[in-house]
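Chain residues, written in single-letter form:
Number of protein chains: 2
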Amino acid sequence: MNLVTRRQMLATVGAAAGACALSSSKDIQAKPNTGKDNKPARAWKYSKLRPDYLAQQAYYATAKGHCMYGVFAPVMQQLGNKFGEPYISFPVDMMVYGAGGAGGWGSLCGALNGAAALTGLFVRDETQQKQLISKLFKWYETAKLPTFQPSKPFVKMAMPASISNSILCHMSVTKWCKVSGEKTHTKEQKERCKRLTADVTRKTVELLNAHFAAPHAAGPTRPPKPKGCVACHTAKGSTIQNSRGKMSCTSCHTVPGKHPKV
Amino acid sequence: MNLVTRRQMLATVGAAAGACALSSSKDIQAKPNTGKDNKPARAWKYSKLRPDYLAQQAYYATAKGHCMYGVFAPVMQQLGNKFGEPYISFPVDMMVYGAGGAGGWGSLCGALNGAAALTGLFVRDETQQKQLISKLFKWYETAKLPTFQPSKPFVKMAMPASISNSILCHMSVTKWCKVSGEKTHTKEQKERCKRLTADVTRKTVELLNAHFAAPHAAGPTRPPKPKGCVACHTAKGSTIQNSRGKMSCTSCHTVPGKHPKV
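As you go down the protein sequences, you meet chains A and B in turn.
Position 201 of the first sequence, counted from 1, bears residue number 201 in the numbering used here, the numbering being contiguous throughout.
Position 206 of the second sequence, counted from 1, bears residue number 206 in the numbering used here, the numbering being contiguous throughout.
This is chain A alone, in the form it adopts within the complex (with noise of 0.2 Å):
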């Protein structure tokens, strides 16, 4: 295998944690278009749940419907168990579609797509929602996964963990395939999902009781100021700016030798 080693990590480069906010947040004081009459959805109220037991549900509803309908379905299911409608009617079969990184194709990984579908549900407040989010998708790029042990696995074995550096599907699966030795589309390659899956679900689980039980603690309403790589290619009135998101910048960026300090 001949393919060129691309992860050149630039060890003065920081992560590209801070950047911009979307729009304003009078965008998300509009009204929504909801149906007859323009009339707003209804609140979706949510009440803590237990991590470690909605983890153990994500790993074995990943087997049903894959890795985003693994996060979402459970939580769903215990707040329908609890509240009744209109949790029970949702849609979660829907959730399928994430699988993959949407579809198969690799991006967003699935899991972290239902998490954020869960965020956004729950937490109408966007730039809250941005941090849940934020926090989620961080610990995720930087946590050693998976580390989720089923009492009864569909596959036993002695699960490698690695970092994934990424959001993406597409990356998270190869990174853990060159740690673990293992191929894609293995068996044992969707128990690193289905327990990856378990993972995220606990965190999300663990974030959003934390947000709940003190709504107003998430942290600065302002996002920090921008350094590292978004500070030029991101933040707004910077000298580039033709660039954004949140992601990683060295998961596939290299920075040459003559690259200002930053």
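Any given hint could turn out to be false.
Note that identical chains are pooled: a pair holds if it fits in a single copy or bridges any two copies.
Calculated lysine to aspartate or glutamate pairs in the EDC-like style (CA-CA distance at most 16 Å, straight line) [claimed, not checked]:
| hint | residue 1 | residue 2 |
| --- | --- | --- |
| 1 | Lys-236 | Glu-182 |
| 2 | Lys-178 | Glu-188 |
| 3 | Lys-64 | Asp-125 |
| 4 | Lys-236 | Glu-188 |
| 5 | Lys-138 | Glu-206 |
| 6 | Lys-48 | Glu-206 |
Worth flagging that the hints you see were computed from the coordinates, not collected in a lab.
Based on these hints, arrange chain B on the given structure of chain A.
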């Protein structure tokens, strides 16, 4: 700006179409956990919609809830006008989360995430679902966008168009900025994304209309034989098989001269 240019297009390497299916179709047969007593969710009916009208609605909806919402909400509103519940009560506001590649992270384009979510809601056969998503995503990667012309634009401008060669927000926006000379997070870039969302909505409605007009004419039920990069790096039983996904390979990867011809 001294960032190295890494985009050396390899003429002999095809895009990453035709990657293996995510998992066996057996998975989707399993009854999902949707609430009390594990009752499966109700089926959601689709009805032929007007692509051009929905594109217009999407353009204006994007100003209210960003790109993922912009695709998703107008379709639900139209079907709500026709069928009433459960469309009216669907919490379309949740789709705000997909903005800017999910919480502003620059991963999967929010318009595509919304379109794939609609596909997941209406097309329950997993093979057909993936085929429709692939048609849309492949079109997005290769089309010169945006093309939509609003009758009453938020920003009056001669709109430059670009080919993203990617389904990721980060790359799609950056490519447009390079072609247009505009910066990110400007009213011009947001106008571009509103029009792009209209284009994605029109294409999605066209694909769904065609699918439901002849559900079994969507194409071959087996994925095509892998060729190009995926023939070695993704396909089951291949020599390397350490990757997964269907995104354009050459938008991120360079291939050295010594790499075997494919």
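Each hint tested on the structure:
1. Lys-236 x Glu-182: between (43 Å within a copy, 12 Å between copies)
2. Lys-178 x Glu-188: Within one copy only: 13 Å inside a chain, 42 Å across chains, cut-off 16 Å.
3. Lys-64 x Asp-125: The answer is between: 14 Å across copies meets 16 Å, while 32 Å in one copy does not.
4. Lys-236 x Glu-188: between (44 Å within a copy, 13 Å between copies)
5. Lys-138 x Glu-206: The answer is within: 15 Å in one copy meets 16 Å, while 37 Å across copies does not.
6. Lys-48 x Glu-206: within (9 Å within a copy, 42 Å between copies)
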